[in-house]
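Undergrad: Sequence:
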Amino acid sequence: MMSEQAWIIVGFIGQALFGTRFLIQWLTSERAKRSVIPTTFWYFSVGGSLVLLCYSLHKLDPVFIVGQITGLFIYLRNLYLLHRVEKHSRSAR
-3 MMSEQAWIIV
7 GFIGQALFGT
17 RFLIQWLTSE
27 RAKRSVIPTT
37 FWYFSVGGSL
47 VLLCYSLHKL
57 DPVFIVGQIT
67 GLFIYLRNLY
77 LLHRVEKHSR
87 SAR
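Everything in the sequence shown is counted per this note's numbering, starting at -3 for the first residue and increasing by one.
Worth double-checking, as some hints may not be accurate.
[What the hints assert, rightly or not] What follows is a list of derived Cβ distance ranges for each label pair:
| id | residue 1 | residue 2 | range |
| --- | --- | --- | --- |
| 1 | ARG73 | PHE8 | 41 to 49 Å |
| 2 | ILE20 | ARG80 | 16 to 24 Å |
| 3 | LEU19 | GLY63 | 29 to 37 Å |
| 4 | ARG30 | TRP3 | 16 to 24 Å |
| 5 | GLU26 | LEU75 | 41 to 49 Å |
| 6 | ILE61 | GLY15 | 14 to 22 Å |
[Claimed, not checked] List time: in silico SDA-like cross-link candidates among lysine to any residue, alpha-carbon distance up to 20 Å:
| id | residue 1 | residue 2 |
| --- | --- | --- |
| 7 | LYS55 | THR16 |
| 8 | LYS83 | THR36 |
| 9 | LYS83 | TYR39 |
None of these hints come from the bench; they were simulated from the model.
Glycine included, every Cβ here is placed at the ideal spot set by N, Cα and C.
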């Protein structure tokens, strides 16, 4: 069983992953000189959400749990749509 201090570290790691996605999006948009959401944004969203879901399950926080599960569904759906478009693009060549 993990100590409470270890769980706090897990929570901070989840927040760091989740927050990093915005840094990635911002830097990508600055380079492109337009608003862009790169695929890595969605992967960091999934990673951060999974870690935060584990943390919220440990804390037994139903509000946080529902929020993370809902977000996770949206992030995974976006990745599915992106990969489906890539697959169609490759098969059309």
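Undergrad: All hints, please: hold or fail.
TA: Taking the hints in turn, this is what the structure says about them:
Checked against the hint of 41 to 49 Å, the pair ARG73 and PHE8 fails, with Cβ atoms roughly 27 Å apart. Between ILE20 and ARG80 the CB atoms are about 22 Å apart, so this pair conforms to the stated range of 16 to 24 Å. Checked against the hint of 29 to 37 Å, the C-beta distance between LEU19 and GLY63 comes to roughly 21 Å, which is inconsistent with it. With their beta carbons about 40 Å apart, ARG30 and TRP3 fall outside the hinted range of 16 to 24 Å.
Evaluation of the 41 to 49 Å hint for GLU26 and LEU75 yields a failure: the beta carbon distance comes to about 23 Å. The hinted window of 14 to 22 Å between ILE61 and GLY15 holds, with their beta carbons roughly 20 Å apart. Simply put, LYS55 and THR16 have alpha-carbon atoms about 23 Å apart, too far for the 20 Å limit, and the pair is violated. Proximity of LYS83 to THR36 is assessed by CA-CA distance (about 17 Å); at most 20 Å being required, the pair is judged to hold.
For the given pair, LYS83 sits about 18 Å from TYR39 by alpha-carbon distance, which is consistent with the 20 Å threshold.
The structure fails to meet hints 1, 3, 4, 5 and 7 from the earlier list, while all remaining hints are met.
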